[in-house]
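J.: Listed below are the residues making up each chain.
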Amino acid sequence: MHVTSRRFKDNVRGAVNDANLRQSLATMKTGFRVKRGLAVAALPEFEALREAGKAIKTHTLEHLDHYLEHFEARVLERGGHVHWAPDAETARRAVLDICRTHGAKTVTKGKSMVAEEIELNAFLEGHGIRPVETDLGEYIIQLRHELPSHIIAPAIHVRKSQVASTFRESHPQFPADRPLEEPRELLDEARTVLREHFLGADVGITGANFLVAETGSSVIVTNEGNGDLTQLLPRVHIVVTSIEKVVPTLEDTGTLLRLLARSATGQIMSSYTTVSTGPRRPDDPDGPDHFHVVLLDNGRSRLLGGEFQDVLRCIRCAACINHCPVYGAVGGHAYGSVYPGPIGSVLTPGLASLEESASLPNASTLCGRCEEVCPMKIPLPRMLRHWREQEFARHLTPARTRWGLRAWAFAARRPWLYRLGTGLAGRLLSRLGRGRGRLARLPLAGGWTQVRDLPVPPPGGTFMARYKRGETR
Amino acid sequence: MADSSRETVLNGIRTALRRGPVSESVRRELDGRLADHPASVVPSIARGGRDALVARFIAQAEASAATVARVAPDGVAAAVADLVRRHNLPARVAVAADPRLDDLDADGVLTVDRRGTPAPDDLVGVSHAVAGIAETGTLMMASGPASPSTLNMLPDTHIVVVRATDVAGGLEDAWDRLRALSTDGLPRTVHFITGPSRTGDIEQTLQLGAHGPRRLHVILVDDGPDALGQ
Ligand code: SF4
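Residue numbers (the numbering used here), protein chains in the order written: chain A, 945 to 1417; chain B, 294 to 523.
If we strip away everything but chain A, and leave its shape as in the complex, we get (with noise of 0.2 Å):
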């Protein structure tokens, strides 16, 4: 996985200061979080699905290689190949191997975030196969030479203007003249482009939301219905996907379902959610030759056992980040990998390396929110708390924070040179900033002023010098 979460105060730079994307996270704010608002007010039984889930995910993860052994038993009884695949650079063999066996020179996706974790398109391009993305905000980004921004809404950083010249780019079959203003206008455009390919791809390869072990299915969720055209007319359908998404039976299936929809789009159910179990029996009348299921681990197996196993629990329903204040503030993209926002900043580490992306745990304010909606009950603030830790301990922290939490430490355990030191601090901020009652810079804090002021103490000293003196209710 490709990870720039290093740059992270760089990238939140631009971010910060593009118009576009402020709009387009603004319109994010008032959609996804009211609309999940709604759909849980709806559901009394709300809180107990949450608690069935993370017991039903709690449960198949303390057993997670009995029920792989068994979800890949029924894969192969039902006619299926399943591949094991330890890290991405085996998952893109077994995917290119695939496609070479049956001379696949085009291939549909739908979305899938383990294709993106594994950068399956820029492989099968390298190895002469071009992979087209059907997912609509999928195939504008990769049009666009763009990463994901979002893991429900990859494109929802790019405004509907920009979207209509990456078409009149990239479709010169068209009429240069043509209307492309509307959303209409421009779906119905990639519309007809799409059904070409899905028609003429040799291989189609989605993600999944479920794996059943039960029955030996992989599950799709999705609104567009791409998901099932690219499934459904290849003669092969190749599911690229992770190992914890394992659940054992259609019912659990079914409470993760209930909890999906309405977390991630605030609908009560998906327009579709497919359920598919091998390749095509000998009298369908359609379906593919050949299915084949990709397993991929890449450092989640690595977390089972500790502190952050609960973090594979998450079913990537997206409210975590819809709800962020720092994703909403700076967007997907700064944070240098394919899974943004709060599940972003503590998965990336665990499955990249804490080097790679140490910035990640400290994109957080630990607000909260996060936990509180996750429909999964995972414990994200306590989880970033950890990487943070882990962070110090190994010297990732940059030397001058470092220094400044060790002189912090040093005095937060000498009182008497703490009260010194915070009425100091306290009298000099109050001449610093007297008459306008703002700081609009700090030395050593200029992160911090740059894009706020710092209010000035109100003078009387520290609060702990006027609790004593009885000054404070």
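To be clear, the hints were calculated from the coordinates, so they are not data collected in a lab. The beta carbon of each residue, even a glycine, is placed where N, CA and C say it ideally should be. One should not assume that every hint holds.
To be verified - Covered stretches of chain A, going by a simulated chain B footprint (3 or more residues, C-beta under 8 Å): (1) 1008-1014; (2) 1044-1055; (3) 1199-1212; (4) 1319-1331.
Claimed, not checked - Here are the simulated distance ranges between beta carbons: (5) B/Asn381 to A/Leu1310: 52 to 60 Å; (6) A/Arg1246 to B/Ser316: 21 to 29 Å; (7) A/Gly1312 to B/Gly342: 40 to 48 Å; (8) B/Arg470 to A/Glu1251: 40 to 48 Å; (9) B/Asp329 to A/Ala963: 54 to 62 Å; (10) B/Thr458 to A/His1089: 47 to 55 Å; (11) B/Arg470 to A/Arg1044: 37 to 45 Å.
As the list claims (entries may be wrong) - Anything over 10 Å on all C-beta distances counts as not near chain A; from chain B, calculated: (12) Arg363; (13) Val364; (14) His380; (15) Ala384; (16) Asp396; (17) Asp400; (18) Gly493.
Using the hints provided, position chain B with the ligand relative to the given structure of chain A.
T.: Here is chain B with the ligand on its own, set in the frame of chain A:
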């Protein structure tokens, strides 16, 4: 190579969980859970008497932007013809090879020259659902000789016939019906369809008809003795 990858992943999991393969007794317990497939929390919207469930199915389907017509058992062809007329659609329809959908062209309004998978230019498709799900207003479609899966996705307008007696409460009832369909595993493709295809990928404005049908029309056949009197 393939086998060693498999062992690498499974051993990685066991090492992290600080144990070997699950013991015989745990295995029996887990396999028992798989065989019993217990339900967990079933929301109250998934329960109720037949009339309440049928009413909820209709309301939820409409909330998902589908349209619903409720007809007597002999009214299916007329309901299809009516929709085609109202929306100025072509009279040529692709129809699934389900015997319950024979004779749609009997009164000469519709032309059926294809039974089964649609051609890429077929604009109207007609299929029959295995069940309706009241909880979510969802249609459950199972692939097989009588129900091609591409018919659910390719035509611009998808018309689905479902019987009132096949309206189930919640997802749990739907899974049970699926298991009952065949003894050797699930049908290849089971579609749970809730409203027409849609996308919000361009500036989060909702557009219907992304890659699948723009229009989903449900024909609910009042076939139950208690449903007829409605
Ligand atoms: S961490 Fe929770 S809220 Fe975030 S995507 Fe995963 S399941 Fe959804």
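J.: Confirm or reject the statement that B/Ala384 sits farther than 10 Å, beta carbon to beta carbon, from all of chain A.
T.: holds (23 Å)
J.: Do B/Asn381 and A/Leu1310 keep their Cβ atoms within the hinted range of 52 to 60 Å?
T.: With Cβ atoms ~58 Å apart, the hint holds.
J.: With a C-beta cutoff of 8 Å, work out whether three or more residues of the region 1199-1212 of chain A approach chain B closely enough for the coverage to hold.
T.: holds (count 6)
J.: Verify this label for me: B/Val364 is non-interface relative to chain A, using a Cβ-Cβ cutoff of 10 Å.
T.: Per Cβ check, B/Val364 is outside 10 Å of chain A; nearest 24 Å; holds.
J.: Measuring Cβ to Cβ, find out whether B/Gly493 lies farther than 10 Å from everything in chain A.
T.: violated (7 Å)
J.: Does B/His380 really sit off the interface, with its C-beta more than 10 Å from all C-beta atoms of chain A?
T.: Correct as stated: the minimum Cβ-Cβ distance to chain A is 17 Å, above 10 Å.
J.: Would the least Cβ to Cβ distance between B/Arg363 and chain A come out above 10 Å?
T.: holds (21 Å)
J.: For the pair B/Asp329 and A/Ala963, does the Cβ-Cβ distance stay inside 54 to 62 Å?
T.: Cβ of B/Asp329 to Cβ of A/Ala963: about 56 Å, so the range 54 to 62 Å holds.
J.: Please verify that the nearest CB of chain A lies beyond 10 Å from B/Asp400's CB.
T.: Fine: 27 Å to the nearest Cβ keeps B/Asp400 off the interface.
J.: Check the following: the C-beta atoms of B/Arg470 and A/Arg1044 are separated by a distance inside 37 to 45 Å.
T.: At 40 Å between Cβs, range holds.
J.: Under a C-beta cut-off of less than 8 Å, do 3 or more residues of the region 1044-1055 of chain A approach chain B closely enough to confirm the stated coverage?
T.: violated (count 0)
J.: Between B/Arg470 and A/Glu1251, is the Cβ distance one that fits in 40 to 48 Å?
T.: holds (42 Å)
Comparing the model with each earlier hint shows violations of hints 2, 4 and 18; every other hint is respected.
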